[in-house]
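Protein chains in written order, with the numbering used here: chain P, 1 to 258; chain E, 1001 to 1231; chain W, 2001 to 2637.
Careful, some of the hints might be misleading.
[Unchecked claim] Keeping only pairs whose Cα atoms sit at most 25 Å apart, straight-line, the calculated BS3-like set for lysine-lysine is: (1) Lys147(P) to Lys2159(W); (2) Lys2033(W) to Lys2184(W); (3) Lys1094(E) to Lys226(P); (4) Lys1203(E) to Lys1117(E); (5) Lys16(P) to Lys2200(W); (6) Lys1055(E) to Lys1065(E); (7) Lys1107(E) to Lys92(P); (8) Lys1106(E) to Lys11(P); (9) Lys226(P) to Lys1107(E); (10) Lys2006(W) to Lys2200(W); (11) Lys1062(E) to Lys226(P); (12) Lys147(P) to Lys1199(E); (13) Lys226(P) to Lys1106(E); (14) Lys2637(W) to Lys2621(W); (15) Lys2493(W) to Lys49(P); (16) Lys49(P) to Lys2006(W); (17) Lys49(P) to Lys2523(W); (18) Lys2200(W) to Lys2480(W); (19) Lys1062(E) to Lys1154(E); (20) Lys1096(E) to Lys16(P); (21) Lys1203(E) to Lys16(P); (22) Lys1096(E) to Lys1107(E); (23) Lys2252(W) to Lys2618(W); (24) Lys2213(W) to Lys11(P); (25) Lys1096(E) to Lys105(P); (26) Lys105(P) to Lys1065(E); (27) Lys226(P) to Lys2200(W); (28) Lys2200(W) to Lys2618(W); (29) Lys105(P) to Lys1117(E); (30) Lys2102(W) to Lys2006(W); (31) Lys105(P) to Lys1055(E); (32) Lys2020(W) to Lys2031(W); (33) Lys1106(E) to Lys4(P); (34) Lys1106(E) to Lys105(P); (35) Lys11(P) to Lys1154(E); (36) Lys1106(E) to Lys16(P); (37) Lys1094(E) to Lys1117(E); (38) Lys1117(E) to Lys1096(E); (39) Lys92(P) to Lys1094(E); (40) Lys2493(W) to Lys11(P).
Read the hints as simulated data drawn from the structure, not as lab findings.
These numbers were taken from a predicted model, which means no experiment stands behind them.
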Amino acid sequence: MNLKLNVWRQKNRTDKGRMETYQANNVNPDMSFLEMLDVVNEDLIASGKDPIAFEHDCREGICGSCGFVVNGVAHGPEPETTMCQLHMRHFKDGDELFLEPWRAKAFPVIKDLIVDRSAFDRIIAAGGYVSANTGSAPDGNALQIPKENADRAMDAAACIGCGACVAACPNASAALFTGAKISHLGLLPQGQAERSRRALRMVAQFNEELFGSCTNIGECEAVCPKGISIEVIARMNRDYLAAALTDRGAKKSAGGEA
Amino acid sequence: MSSAAAAIRSNRAFRIFDATIVKKAIVAVTGLVMFGFLVGHLAGNLQMFAGDEGKAIDAYAKFLKSVPEILWTARVTLLGCVFLHIYFTIQLWKLKGDARPQGYVKKDNSHSTFTSKTMYYSGPMLFFFIVYHLLHFTMGIADQANYFEGEVYKTVVLGFQQPLISGSYILAMFFLCLHLNHGLYSIWQTLGLTSPRYKPLQKNGAAVVSIVMFLGFASIPAGVLAGVIHL
Amino acid sequence: MVLDSKIPSGPIEQAWDSAKFNMKLVNPANKRKYSVIVVGSGLAGGSAAASLGELGYNVKCFCFQDSPRRAHSIAAQGGINAAKNYQNDGDSIYRLFYDTVKGGDFRAREGNVYRLAQNSVHIIDQCVAQGVPFAREYSGLLANRSFGGAQVSRTFYAKGQTGQQLLLGAYQALEAQIDAGRVKMYPRTEMLDLVVVDGKARGIVTRDLVTGKLESHAADAVILATGGYGNVYYLSTNAKGSNCTAIWRAHKRGALFGNPCFTQIHPTCIPVSGDYQSKLTLMSESLRNDGRIWVPKQVGDKRNPSAIPENERDYYLERRYPSFGNLVPRDVASRAAKAVCDEGRGVGETGLGVYLDFGASIQRLGKSTIEERYGNLFDMYARITGENPYETPMRIYPAIHYTMGGLWVDYELQSTIPGLFVAGEANFSDHGANRLGASALMQGLSDGYFILPYTIGNYLASTKPGAVTTDHPAFSQVTKEVADMQNRLLSIKGKRTVTSFHRELGKIIWDYCGMSRQGDSLKVAIQKVRALREEFWRDVNVPGSGDDLNQQLEVATRVADFFELGELMCIDALDRNESCGGHFREEYQTEEGEAMRNDEEYSYVAAWEYGGYNGQPKLYKEPLNFNYVHPSQRSYK
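Kindly generate the complete structure, drawing on both the sequences and the hints.
Structural data, given as structure tokens:
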């Protein structure tokens, strides 16, 4: 099959950027989307042009490196599928596709379809962990965790940090990402000690990074390659509000000693 | 500690009204208060159907006005809610633009519901309606010729007998329906008072209640137009 | 050079404890004066960086990805072994040790493996404390499953995403240390060389992958935790970015390379579907529990599998290995698949595939049971191939998956360059000639959480902090060499793309140094690799410049190193005149076609010293002694 690709090209952070059109010919339906771009790039290199830069690594849908918007949908048309696992059999001959990078103030474009997602790391650094220094752990079976809680924590923990939720959100909010980590740790007994502090600090960082505010629309869960539900956002809101309203140490724990 | 880490940390200081979650929660709570008022308002309004040429509703209005302390507390509370609801919504709406300064060439938002996508339109329409509504029935400025102080029934019937006015009221109630459809569900999500078990109930409940509110409020201008309510 | 493995003497049960006790300590107040560089942020690197930060050292951590959370440890599916014996099924530290030494076909150090088994139990505790959502029973206690040949149930797991969850645990601990200012993270930064001053590792030279800037970083010790080199084969289950550059550059600076030819082939991967293929996807080995593997009896039988009657199917594993059947170990299953495909009986368009058929199991157990057990794997298969495995048999083929070889390290994980430590898949240490399932995660975390924090301190205690800074001329010299190589790559502007070279190199290594090897053809392979390498340096086209984000330049640098490593793998494979574990030399097999070890002559670790661009590397041997687990021939008949 043959496709027409309109791809966002931007040399670096400061370049204005523009859409450019390329032809992808003889696309094999068994190719992944990224393999299709590999072939386009080989042709671009052969003709002396700069290949399209896109992020990718594991190519099996778990590392979270890849991702861009295809015809207005983050990670393209297949539900619960990252770009690297999206195969060309889902497109048809003659399709015209628009490929754009994630768009958010907090995710500046570095080059072409590559954006800087380090804001996510800073949100985790703010409190997305259980402080358990190496060597301080009790026996793994010392804590009994109801299977249902462990399973729900796992569902939230499945987040791969790809950023599709931010890209899809009309408000460019990172609520699904932040909520997923707050829910994962908040559902487990190990996460209780730091639950208030975690919510306060992670949300403060989330705001610091200039992500938008959640309006409970649900575009994020629709594109999430791991199918994480906006239930996690409700949990984040609950933990945050409870901490902000009741925790006498709120001010201290948000800004004070780590 | 490196200075970069220190900078990050000092910026993370806790300022409650800077948090978008708190702003959004205020929007939700004020919305809930206003919804509570609407329920009372509708219950009162339905006395228009009493068939007693307005005796009941006029007496009800008189009763409300007889205790100015309560009346004004309610009015101030409601005005405060309207103000806060709008004030924080505008802040969050501005943030939306700041958070994505460059938009997509092509964007598909087909997963969001129509009512959630139109909150920023249905909201301002309701605001304009409320201003008009207050000018009309509360202050008697908009349609002075048909305004009779203390005679609620007469004022309403004469007002709604004008198709343009009753038509715009019905339209406004349609916007209210849209706004409540997403808003009533959204409140639970914003306040974190939801779970997979209750979500369907909250979502369907919001839809049913918003339609009931529309039918209830719209029934009055429609009833006047249809001649069911008459002087 | 005499290779001193520094294995403590005395009973193996007490070796690690006594080693720890004998290690020198760094005073808590002095720790912050020492700086440690950690390259790589996977299970080994991430856990080491976090733990060293917790101890108070000044840590710099580097990864080429945009975030430490992307490291390829994340892709491990199955689980992590630990000798907890929670199932009361007779597991013990000794049994895990025994299984691992035997599974490694008696080419691993007993001392290291015993310590690994000891640490395994602490790893589970540590990860649970961090909030890793391991699978639980209804009782709320930890669940286990059995895995890869072990006769006990000792594998802990988090759905099919164990690697992801363990990595996120380490990543979160790392981010906490970054926030506390004890670790400085350098994402999108690739190590391009090691700086050695007066025989000691003193720093690295890196390239900022966004700005292209070459930078120097000095430290009192350097840890490489940069993963394996499976991508030398081009097609592998590794992430596209996984590479050997960090360890190879360290090798060129004097670190010996251990057992480079020990690579592991995983039998159940989705077969190649075309020339454009960029990577291979692994399907969990657990599928072999209920799936039956077969090919048509007739050569060139291209009928639809459902049209091939039962009596024209060859269930070759069940035929050749009646007692283990479809559950023979990874290396045996892989070689058997290759053999039937070489006979021309392979299935699928390319003829490189065998059927993994669930038809009988679905009939026997019902579709819902199979769905419950393997649903997510079946979905993944369907997503990639577009075929429904409930109706038509899966097609599978072996693929490169793990490399047991790596930089040679002693018991303290220190390489032959003092101050250079190597952890995780990047070192050669614990798996011998074959790694057991669910042991890679265990080793990475054991190295990072429980070994390096002690051994680094032992090294640093006898070092003056900050003795060398980036002002030292060695840094500018190394930076110049790195820049020269980069400029050379960029100036060729030939006709072939980097990928075309990588693909061709991978095919040579796969054909000659893959599932089975043969003396004469390995010699051919060495010539072919050299010739292709010459062509690469003459005709490669690396577009753009070195001054900005240039993904082609990144790949070209890595492929240049793969050429040299590929050659060393062939040399090592040629030198080892025996078959053991993943290394199968066709000349050395039993009459039934099974691997034949030669313990008399080859019971050693082959550690190679770099021999120059076209030179012959020099072999050093570290003899292996087996005092506890006595070598025996594996049999799965």
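### Query
Quick one, are Lys16(P) and Lys2200(W) close enough, alpha carbons at most 25 Å?
violated, 47 Å
### Task
Could you grab the alpha-carbon distance between Lys1106(E) and Lys16(P) and see if it respects the 25 Å cut-off?
OK: Lys1106(E) and Lys16(P) at ~17 Å, within 25 Å.
### Lys226(P) paired with Lys1107(E) [C-alpha distance capped at 25 Å]
Holds - the C-alpha atoms of Lys1107(E) and Lys226(P) are around 21 Å apart, at most 25 Å.
### Task
Could you grab the alpha-carbon distance between Lys1096(E) and Lys1107(E) and see if it respects the 25 Å cut-off?
holds, 15 Å
### Query
Keeping to a limit of 25 Å between CA atoms, is the pair of Lys226(P) and Lys2200(W) held or broken?
violated, 46 Å
### Pair hint Lys147(P) and Lys2159(W), alpha-carbon separation not exceeding 25 Å
Given pair Lys147(P), Lys2159(W) holds - Cα atoms ~12 Å apart, limit 25 Å.
### Hinted pair Lys1094(E) and Lys226(P), Cα distance within 25 Å
Roughly 30 Å between the alpha carbons, so the hint for Lys1094(E) and Lys226(P) is violated.
### Task
Sort out whether Lys11(P) lies within 25 Å of Lys2493(W), counting only the CA atoms.
Satisfied, since the Cα-Cα distance of roughly 21 Å is no more than 25 Å.
### 25 Å Cα cutoff - pair Lys49(P), Lys2006(W)
violated, 54 Å
### Task
Take the C-alpha atoms of Lys1096(E) and Lys16(P), compute the straight-line distance between them, and say whether it is at most 25 Å.
OK: Lys1096(E) and Lys16(P) at ~21 Å, within 25 Å.
### Restraint check for Lys1107(E) with Lys92(P), where alpha carbons must lie at most 25 Å apart
It holds: about 20 Å lies between the C-alpha atoms, which stays within 25 Å.
### Query
Holds or violated: Lys1096(E) with Lys105(P), Cα cutoff 25 Å?
holds, 10 Å
Checked against the numbered hints listed earlier, the structure breaks hints 3, 5, 11, 14, 16, 17, 21, 26, 27, 31, 35, 39; every other hint is satisfied.
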